[in-house]
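Q: Top to bottom, those sequences are chains E and U. FYI, our numbering numbers position 293 of the first sequence as 293, with every residue one higher than the one before it. FYI, our numbering numbers position 77 of the second sequence as 77, with every residue one higher than the one before it.
Mixed in with the good hints there might be a few duds.
Claimed, not checked - Not everything, but these chain U residues come out facing chain E in the computed CB check (under 10 Å):
id, residue
1, I15
2, H17
3, D129
4, Q133
5, S134
6, H204
7, Y206
8, V210
9, R213
10, Y236
11, P325
12, E326
13, D331
14, A333
15, R344
16, P345
What the hints contain is simulated information worked out from the structure, not anything from laboratory work. The model shown is predicted, which means the values in this text are computed figures rather than measured ones. All residues carry an ideal CB built from backbone N, CA and C; glycine is no exception.
Number of protein chains: 2
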Amino acid sequence: MKNFVVHQLLYHAVITHPEQVIVSDGKQFTFRQFYSRVVKLADSLSKHGVKKGTVIGVLDVNTHRFLEMHFACSMLGAVLHTINFRLAPEQMVYSMVHTGDEWVFVSDVFAPAVKPLFPKFPNWVLMSDNREQSLPETRSAFHYEDLLEQGEEKEPAGAAQVKENDIFSIFYTTGTTGKPKGIQYKHKTLLYGTLQLFHHLALHKYGARVSSRNVYMPLIPFFHIHAWGMAFFPIYVGAKLVLPGTADPAGQMALIQKEKVSWMNMVPTQLQMLLDQKGFSNINVLTGGSPFASGIAQKAQDAGVNFSLIYGGSDQLATAISVVPEEVEPDTAEALEWRRVGMRPLPLVEVSLRDKSGNEVPHDGKSLGAVW
Amino acid sequence: MKNFVVHQLLYHAVITHPEQVIVSDGKQFTFRQFYSRVVKLADSLSKHGVKKGTVIGVLDVNTHRFLEMHFACSMLGAVLHTINFRLAPEQMVYSMVHTGDEWVFVSDVFAPAVKPLFPKFPNWVLMSDNREQSLPETRSAFHYEDLLEQGEEKEPAGAAQVKENDIFSIFYTTGTTGKPKGIQYKHKTLLYGTLQLFHHLALHKYGARVSSRNVYMPLIPFFHIHAWGMAFFPIYVGAKLVLPGTADPAGQMALIQKEKVSWMNMVPTQLQMLLDQKGFSNINVLTGGSPFASGIAQKAQDAGVNFSLIYGGSDQLATAISVVPEEVEPDTAEALEWRRVGMRPLPLVEVSLRDKSGNEVPHDGKSLGAVW
Chain E
1 MKNFVVHQLL YHAVITHPEQ VIVSDGKQFT FRQFYSRVVK LADSLSKHGV KKGTVIGVLD
61 VNTHRFLEMH FACSMLGAVL HTINFRLAPE QMVYSMVHTG DEWVFVSDVF APAVKPLFPK
121 FPNWVLMSDN REQSLPETRS AFHYEDLLEQ GEEKEPAGAA QVKENDIFSI FYTTGTTGKP
181 KGIQYKHKTL LYGTLQLFHH LALHKYGARV SSRNVYMPLI PFFHIHAWGM AFFPIYVGAK
241 LVLPGTADPA GQMALIQKEK VSWMNMVPTQ LQMLLDQKGF SNINVLTGGS PFASGIAQKA
301 QDAGVNFSLI YGGSDQLATA ISVVPEEVEP DTAEALEWRR VGMRPLPLVE VSLRDKSGNE
361 VPHDGKSLGA VW
Chain U
1 MKNFVVHQLL YHAVITHPEQ VIVSDGKQFT FRQFYSRVVK LADSLSKHGV KKGTVIGVLD
61 VNTHRFLEMH FACSMLGAVL HTINFRLAPE QMVYSMVHTG DEWVFVSDVF APAVKPLFPK
121 FPNWVLMSDN REQSLPETRS AFHYEDLLEQ GEEKEPAGAA QVKENDIFSI FYTTGTTGKP
181 KGIQYKHKTL LYGTLQLFHH LALHKYGARV SSRNVYMPLI PFFHIHAWGM AFFPIYVGAK
241 LVLPGTADPA GQMALIQKEK VSWMNMVPTQ LQMLLDQKGF SNINVLTGGS PFASGIAQKA
301 QDAGVNFSLI YGGSDQLATA ISVVPEEVEP DTAEALEWRR VGMRPLPLVE VSLRDKSGNE
361 VPHDGKSLGA VW
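Based on the provided sequences and hints, a complete structural model is requested.
A: Shown next as structure tokens:
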């Protein structure tokens, strides 16, 4: 590995798993077809002036188009701003102005809501299969599929010049006070951080274990640390990826059954909704982002759901994941409790608990501290 | 992770798995006890003048003492020369003189053979439990356990100053022509390279899959890329490690049964010898280093041995491991053949096949080329 950049993963995938598929929006793309779309998009954007450092906002749920944007931006050295649609509208606008989005890609689902913003940004792209839909009346506006078709199937000239310490993406989190905070992710640290998470899950036998034979569906949105790394991991490992788009729990359940989804990530609320669906079983689930009640844990276990819990600040990527320690029998109540709250730092991540003055607190299971 | 150095793994292990054990030479050490021995050894060596950059040769089979040397050298910033005892005697001496060993640690097994070398090197340490054994009659000579006991249980002052781009170790390979070639491994590249190998194995469901619940025993000697990374991996993942010392196949078999060993690495010849032992079954085996005949592959499969094959030059660490591709059913003759010869580059490793002029050859399954 000479250069640890995002689009390197796609090169590897096309060589090793050209026929593996990405399912999205009722369609299916092989890795080879996906690669072809990505380079055409990148070439087209390059012709329209996108270059290293251009900031591009994307406002979409988890679709193949959003995923294509990841790899096209990487090849161009453009900075992908994954717009956080959970922010209040004025905060979302703040994030787009603050980071200087030169292009905004918006799906037809979100387009009506951002109509007032059209004049604020120079270039708009409407992400939809329907090219008859009316475009934003702005200086420059495109249908995504038209834009893609304008590109030739060749890599952008600068793809090899993108370096692992370049910024790949930016994400605005709410934080707890004041204005949203922008976090910049470098190619290298982002890939190390997110792949480390999956390596950790691969090494622990009980919980949301991953392998190259799982079928993956991320319910965590791409804007949030690239769906906790799921924009990268299935490509990296050569596994099938199913993108849920706007599917509701019943629609997700239909996808799970049709596509044989076996691994998902989501917040506890989403898990609760899926547990109410008929046939939700034999799935590995990584959950986190909010507290996890023991009632849901038991219900998940009873339904045959193998779960793990993740903890980490958005700026730190993942820092800890719940595990069943080696000395604990996997099918016991103790094991369930470990999976629910038994956090263990990822290998080579240092975690310390400190008091308000920054001093470490005793490791006695009683003292309270903040995670550093 | 702030600083990707070898001894960082041990810190992590002591915090997360203090009671996990290393079995060696009829004894058992918890990670906590092991850490205690390592820091005492490091402190003692520091008092005897070992400092950053001091080159220390170790001539031993796989024992806890050799493993302790890994972590003590790391904490001191000393360079560990893992002496290759498969070299011809004059080549071995060449390697020790060429790299400038200031200290030589030798086990009692090898001591008689290297007696003629005693005057050539200033400091000798005899690695043995028997402190009555006569020491080399040189300017400076110690019994390992005496040396260790002279140390206090505290980390060397410089441990935090060792940086990930410092040289951790050096290993002389025969290469194919001329004198042995020395390969220097930096902390960072060595850990990335070897842990990447195990992450890859964790992600593939069939073959020599690793997990935190395996019991590991390396038959590949530490001198050869630290037993293909096994000096680091069980510590990193918090798993039980069994060190075979000088055990022959029957002795290895006794250890496998007593300690419930479930994962090993070895060359095909060693696998052949173990397959002749009664009860050798249900083991995951990573093999490589020489061609693997289809007869042994079948015999291994019949014995319930899940194996994978590794390929890589000593300077590149591992580059490729055989896998059962996702589209191949695991229990078929096709899958067996894939595991025997179906090499796949590790994620993010680029492999190309080139002809004598350095041009890539076609990927047609027929053209011959050298691996770059």
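Q: Tell me, which hint numbers fail for this structure?
A: Failing hints, ascending: 3, 4, 5, 13, 14.
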